[in-house]
Amino acid sequence: MQTDNSISPNQLVLAAFMLMLSPALRLFPSAAAAWAGKGAWLSALLAFPAAAAYLWLARRGALLRREGEGLCELIARAAPGRAGRMALAVLALWLCVYAGFVLRSGADRFLVTVYPNTPAAFFILTMAGAALLAADAPLHQAARTVKLLFPAVGLILALVLLSSLGRLRAENLLPLSLDDAPGVLAGTLAALDVLLWSFYAAAMLLPGIRKGSISYRRLLPGLGAGCALLSLMSAEIVGSFGAPLAAELSWPFFSLVRNLVFFRSIERIEALVVALWVFPDFLIVSLFLRAARRALTLSLSARFPRAGASRALPGLCAAASAAYALLSAPDAKSLQLLSDTVIPGVSLFFALVFFPLLLGLGKRRGTI
Amino acid sequence: MRRMLCNLIITGLLFSLSGCALFPSRLHGVERLLVVQALGLDAAQGEVQLSMASAADSARGEGPVRMSGEGSTIRAASNDIVSRATEEELFCAHTGVILLGEESAPQLLGAALRYVCRSREIRMDVPLYIVRGESAETALLETGGERIGAVEILEALTAAAPSRDGFAPPSVAEIAGRLESGGCALAAAVACTPASEQEEEGSPLTLSPAGCAVIQNGGVAAFIEQEDIPALDCLIGAQGVHDIVVTDAQGQRVTLQTAPGKTSLRPLRGESGSLTGVEIAVTLPASVAEIDGRGALSDAAYADALAALLERELLSGMSRVVQLEKTLRADFLGLEDRIALRSSAAARRADGPLTDYLGTLGIRLSVSVTISHSNDVRDG
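Chains as they are written, first to last, in this note's numbering: chain L, 1 to 368; chain U, 369 to 748.
A few of these clues could be false.
[Unchecked claim] Listing some non-contacts, in silico: residues in chain L with all C-beta distances to chain U over 10 Å:
| no. | residue |
| --- | --- |
| 1 | R59 |
| 2 | V112 |
| 3 | L168 |
| 4 | P175 |
| 5 | R217 |
| 6 | A225 |
| 7 | P305 |
| 8 | G360 |
| 9 | K363 |
[Said to hold, decoys possible] Here are the computed distance ranges between Cβ atoms for each label pair:
| no. | chain 1 | residue 1 | chain 2 | residue 2 | range |
| --- | --- | --- | --- | --- | --- |
| 10 | L | M86 | U | N447 | 51 to 61 Å |
| 11 | L | S215 | U | S642 | 49 to 59 Å |
| 12 | L | L159 | U | R486 | 20 to 30 Å |
Because the hints were derived from the structure by calculation, they are not lab data.
For each residue, glycine too, the CB sits at the ideal point set by N, CA and C.
Pulled out of the complex, with its shape left as it was, chain L reads as follows (with noise of 0.2 Å):
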């Protein structure tokens, strides 16, 4: 057992994996279905290498870092100066945009499979208020919440993906052949974000885990299971609707679990599988506030060093987050267009561009 403070490389892979589980719902199902058809299985098994790769990097990317350092620290390290202030601003102003789309997607997520005529108000502001609790609290308690609460996700998940297995139709998905290529490729790069954001939601938990810690070999099965797991929901949602049905689904895998029944007399456990999926999201937000405190105070240290005591600093960026959320998708057509375009553009943007170059830049000046 463990007994220091510290965030173990196993707390690591499973916080990633559950940290998958929010843009694995929301996005892959209907994107893969959508571009690469019938294949949206195989999309993201075809994910596996460029993700493994992109691990690689990463991984080199976090041994730069000293001793409780996290990924802020290492981009101020990396980007001295006024580049590296303003790549924090910006970064904490994603971040909390990011926490903010998760608000109000978990919203819609309930007001679309269980609470119809609620006020998406009520479970932004309540899932804000408990992430800034959250937010404050030693980040090793985040990890050791992950493991508590991976059985009962775990196990859900299972149950209802073996279950879902005897509605699977090969016609639905096979045959494929090279003319399917481009479209299966297609959507390898919603598999790719998927996975590629649970790295960096992942790397908020770095200033926890010691340096050296991680091991390449350590980290490739959690990779695999993850890569696995989006390919199993993806056959079996497209395997039971059919591709073009699947894509047009808002919620496509809830969809799934809607139908479901167990022993021919447990049946509409949807309610349930939504009810878990509250805990990805808020641990997405609860690590995205901390993470964008943190950026915001190396950003601000120079004009204002005080301005990490400030108690004020994660009130601000949760209701920042929440004002997001509050604000920025007032129907079903500007979510659908946040969730399908914009956040994985600006999230593939950072993970591709944003983080690489800055960490290049730092390597190449000699700062990290």
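Since the structure of chain L is already known, use the hints to place chain U on it.
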């Protein structure tokens, strides 16, 4: 121990987080909800006519609940029902079947499929029936009697369908999926028929299977008759148990019962590799269920003659179904997907969409029946 305790608390809390569809539903009891088990949809002069029924409550001695309402949309029609009911709201989470009047299909089929697919309450795997020659309202409100209603009849029909027809009545998800990907789909059909042989005025009605509706271009394009359902089953997968009556050489009526068999499909290609036709071969075991005279199954020639009669009967049904597929140019048999599964990538590329040449595609059918035994004691 502490971790286990935490897990227990988390699992317990999950149940409190999950709602029962609506906030108000959780706050008042089930007796304040109008529980819907079957929904019927009709179009009447630009309005939607929504009918609902729930099963009888034998424990309380209450008969089936039947209601209908009208409105410009499905939602408005459901509000109309609520406004006249003593309960506060419709509770559709236990809807087990949806009916659509034949005449109303062109106006309402798309709306009904979208409504269910986007519904928070109704499952997407509920079967959708087309009511042949009548409105869904008649089927739901006027069938059954004081002690049982349409819900019980439809539940029995749906439960018996897989063994009777070889396939379960297509669900909303299946119909919507097939329409999205192939432009046509099959939906099970029911008809309102008199419950007894004597068709007297005012005699109670019941619902009976009435074949399958072929859905194309948003409406019902044609029906496959109930007598052709064994043939349809043979073309799709031969998984049902069918009773087929033939007349032997002595003029005796023999009821032959088919058991689940095997259907294989082989694309036929010309020298250039282009698709010239399809061969569908069905292999079925069968037994003699009943003879209204004396059979002689120990005589191999008699058994072969019975098998030939059954093969001819099935082939003629299969020909009718295939002809319908070709006439409508609607691939409701899913031939395109099945051909694709058995063709190389290059051949699939060359084939193009099947509906472009379905009308002229040669479809070769063959049925091979083996009579295994007789259940008629006089045959022993």
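Evaluated hints:
1. With a minimum CB-CB distance of about 29 Å to chain U, L:R59 clears the 10 Å threshold, and the non-interface call stands.
2. For L:V112, the condition that its CB be more than 10 Å from all CB atoms of chain U is violated, with the nearest at approximately 7 Å.
3. Its beta-carbon lying about 13 Å from the closest one in chain U, L:L168 satisfies the requirement of being farther than 10 Å from that chain.
4. In this structure L:P175 is not separated from chain U by more than 10 Å, as the shortest Cβ-Cβ distance comes to only about 5 Å.
5. Taking the minimum C-beta to C-beta distance to chain U, about 27 Å, the non-interface status of L:R217 holds against the 10 Å cut.
6. At the 10 Å boundary, the C-beta of L:A225 stays outside the reach of chain U, the nearest C-beta of that chain being 21 Å off.
7. Annotated as non-interface, L:P305 keeps its C-beta farther than 10 Å from every C-beta of chain U; the closest such distance is 40 Å.
8. Residue placement check: L:G360 keeps its beta carbon more than 10 Å from all beta carbons of chain U (closest about 41 Å).
9. No beta-carbon of chain U is positioned within 10 Å of the beta-carbon of L:K363; the least distance is around 41 Å.
10. Between L:M86 and U:N447 the beta carbon distance is about 55 Å. The supplied range of 51 to 61 Å therefore holds.
11. Separation of L:S215 from U:S642 is about 56 Å and conforms to the stated range, judged on CB atoms against 49 to 59 Å.
12. L:L159 and U:R486 have their C-beta atoms about 25 Å apart, which keeps the hinted 20 to 30 Å range intact.
Checked against the numbered hints above, the structure breaks hints 2, 4 and satisfies the rest.
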